[in-house]
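Novice: Fit chain R to the given chain V structure using the hints.
2 protein chains.
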Amino acid sequence: MSRRVAIIGVGMSEFGELWDKSLRDITLEAGMYSIFDAEISGSEIDAIIIGNMSAGRFTGQEHLGALAADMGGLGNIPAYSVEAACASGGAAVRHAYMAIKSGEHDAMMVLGCEKMSDVNQTEAMKTISVASDWEWEGLFGATFPALYAFIARRHMMEYGTTEEMLAQVAVKNHANAAHNPWAQFQRPVPIEFVMGSGMLADPIRVLHSSPISDGAAGLIMCDEKTAKKYTDTPIYIESSTQASDTLALHDRRDICTADAVVHSSKSALKKAGLKIEDIDVFELHDSFTISEIMLTEDVGIAEKGKGGQVVLDGLTEIGGQFPVNTSGGLKARGHPIGATGVAQIVELALQLRGDCEGRQVEGAEKGLAVNIGGTGATSIVHILGR
Amino acid sequence: MSRRVAIIGVGMSEFGELWDKSLRDITLEAGMYSIFDAEISGSEIDAIIIGNMSAGRFTGQEHLGALAADMGGLGNIPAYSVEAACASGGAAVRHAYMAIKSGEHDAMMVLGCEKMSDVNQTEAMKTISVASDWEWEGLFGATFPALYAFIARRHMMEYGTTEEMLAQVAVKNHANAAHNPWAQFQRPVPIEFVMGSGMLADPIRVLHSSPISDGAAGLIMCDEKTAKKYTDTPIYIESSTQASDTLALHDRRDICTADAVVHSSKSALKKAGLKIEDIDVFELHDSFTISEIMLTEDVGIAEKGKGGQVVLDGLTEIGGQFPVNTSGGLKARGHPIGATGVAQIVELALQLRGDCEGRQVEGAEKGLAVNIGGTGATSIVHILGR
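For the protein sequence lines, the chains are V and R, in the order given. Counted the way numbering that gives the first Met the number 0 counts, the first sequence spans residues 0 to 385. Counted the way numbering that gives the first Met the number 0 counts, the second sequence spans residues 0 to 385.
This is chain V alone, in the form it adopts within the complex:
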């Protein structure tokens, strides 16, 4: 009974501190580029779904669905937003996947967006904390760098993970971003530079941390029949899964394992009938470099505790067996919260199409993205194939 769901177009705004653009400007930009890329007419789009965390606090505007339909001139079509903290973008992709599979919609525009630089740094940090357990974490001053510092310190103690390993993730991702025209930081950084950067929450340094970013990403998703009208080479969503964990870090079974990621990546591979060795390219949610190390373990690229070592060994570089974050990841492409999960899918689609000049994984056929919310309370996994 099931309909296959395809991606036929992708679009991005640049990521960065975009002082001269508004939330509506960048969202429209990503949407329009994805329409151009799909070579589809706007009149064929029959719904819009937006991933966004906190436009109400960052910009004073919610109701982004209706806004996008209005600004995009797409008429009276259904439109709304989904929110799952930093996994809001992934939630939007998963929503569109289900809506198309259900037969309610045939061709949807999926947008992820966040404009974070219109408020000051203190307000931005407070707003990001709405994704933590506010009554038990945020309220007591536990910012995200602090929460991830607990994870990193514990990982170092349990498994001998080193500061050099944490730093090497940033070095790799910056090197990848140097070839990504939409990335916020398009330049390599030497490891000494990372290891000497300012301390945020020991052992998390500025260059272990994703930046505050503005940006938007877009996809045109549709059922197989519609896809074949527009392209001979659609990218298919092979599986879409999601899982939850406790909102507060201190309630977890083990703070060095994101159980939601373990559950959702296992079930995604199973549903797609694939093994981890079958995946050619990965986008893993590296809000902090320790997060990429942990997720490398939780999806099965490395054994638990070896996530730091595989980075040093080059296994997750482009050219290695399991290339991770060819886009530059959250670390260097930037992390406009609601846009991130959609941007991950944009990167995988481009990789599978062979359109990633300078950072292409040769012959990539399968890609896997993990988009997490908070410290891993939400995990959304998508496997793409061509």
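Just so you know, not all the hints are guaranteed correct.
Identical copies look the same in the list; a pair holds intra-copy or inter-copy alike.
[Claimed, not checked] Below, a list of computed lysine to any residue pairs in the SDA-like style, where the Cα atoms sit at most 25 Å apart:
| # | residue 1 | residue 2 |
| --- | --- | --- |
| 1 | K303 | H249 |
| 2 | K227 | K270 |
| 3 | K20 | W135 |
| 4 | K228 | E302 |
| 5 | K224 | S1 |
| 6 | K274 | G102 |
| 7 | K269 | G74 |
| 8 | K274 | N75 |
| 9 | K365 | A177 |
| 10 | K228 | D45 |
| 11 | K265 | S42 |
| 12 | K265 | E191 |
| 13 | K20 | R152 |
Honestly, the hints are just simulated from the structure, not real lab data.
Specialist: Positioned in the frame of chain V, the structure of chain R alone reads:
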């Protein structure tokens, strides 16, 4: 290919200014009552979807999906929020409808919630304005009472609608709420009382306006097969539709017609194979009394311009041909923004089950709900049947 979607359980927190309860308390309450009502085990629920507009601003907490899964002890199941301003609740119901229809989920908990009384009135009014076109309306001081005043004044000028008609909507809805144990205002009000209440934005008075409320509502939704395990009398969702209009009121073709409501209610009736005369009970989004009058026209109960007259004629009372807002509506049941669209479906399900003592529409078999966002930029329509 299509799976039918049923409602097998409903639950509500009380609606009101709940000073001694937090957002998590009331959300959990609605969820637990809906589980009790369905007599289902929590372990059978395989996803949670939450309708909420702006918990980030009202309470400092987003990421409500993971929070609900965590607080409810429902384990690692997928969970996230949807937002479409005041139509967020309806969007959650529609999302669950599609997720179940797609085959990705079998039994879902749908929650709508908002805790609005934890901030002061000025901040609450500003936060509500995130649902308007902030750059063109909210920023210039056009609050929702002001925007609806434009509609009301124009409706009076075009069609001779009177202050008495506006007031009679409030009288009717308060009379209904007197029999609703969850309503914020469980008492009748005489028409003199409404017509003499304080002026907010001429001609909109305090008692033409829905209140600021705290509250949550819940549903257990599932596919037909699962439903039949738990009840012999499931309530089915016969159709679910959505449409958009311009975000800003001044961009509309005609501010006295909500085109999104016209489109979505027409297509909902068509998909369900029904005519307006077949519907026995209605929940229409009466954020202001002029809104109920306008929607009465836009769904086809009254001709355009006659929406005020039918209220005076008693057509929309319980016992009339087209009973509207038997729950008391947003006006008297209360309007905790994200909860409203779910609470509408709770009321219709209870009506179709015959569980509305004191306000029961005898023999009701079909119900229709319209949940709108902003001044009608989003409209979501559900038709329920037994």
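Novice: Would you mind marking each hint as holding or not holding in the structure?
Specialist: Here is what the structure says about each hint:
1. K303 / H249: within (20 Å within a copy, 58 Å between copies)
2. K227 / K270: This pair counts as within: shortest intra-copy Cα distance 23 Å, inter-copy 27 Å.
3. K20 / W135: between (36 Å within a copy, 16 Å between copies)
4. K228 / E302: neither (44 Å within a copy, 42 Å between copies)
5. K224 / S1: both (13 Å within a copy, 17 Å between copies)
6. K274 / G102: Answer is between: at 24 Å across copies they meet the 25 Å cutoff, but 29 Å inside does not.
7. K269 / G74: between (39 Å within a copy, 20 Å between copies)
8. K274 / N75: Close across copies (22 Å), not inside one copy (43 Å); limit 25 Å.
9. K365 / A177: For K365 and A177, only the intra-copy Cα distance (23 Å) is at most 25 Å; the inter-copy one is 60 Å.
10. K228 / D45: Classified as within; 16 Å inside a copy, 35 Å across copies.
11. K265 / S42: For K265 and S42, only the inter-copy Cα distance (20 Å) is at most 25 Å; the intra-copy one is 38 Å.
12. K265 / E191: Cα proximity of K265 and E191: none, with 36 Å in one copy and 65 Å across.
13. K20 / R152: This pair counts as neither: shortest intra-copy Cα distance 39 Å, inter-copy 37 Å.
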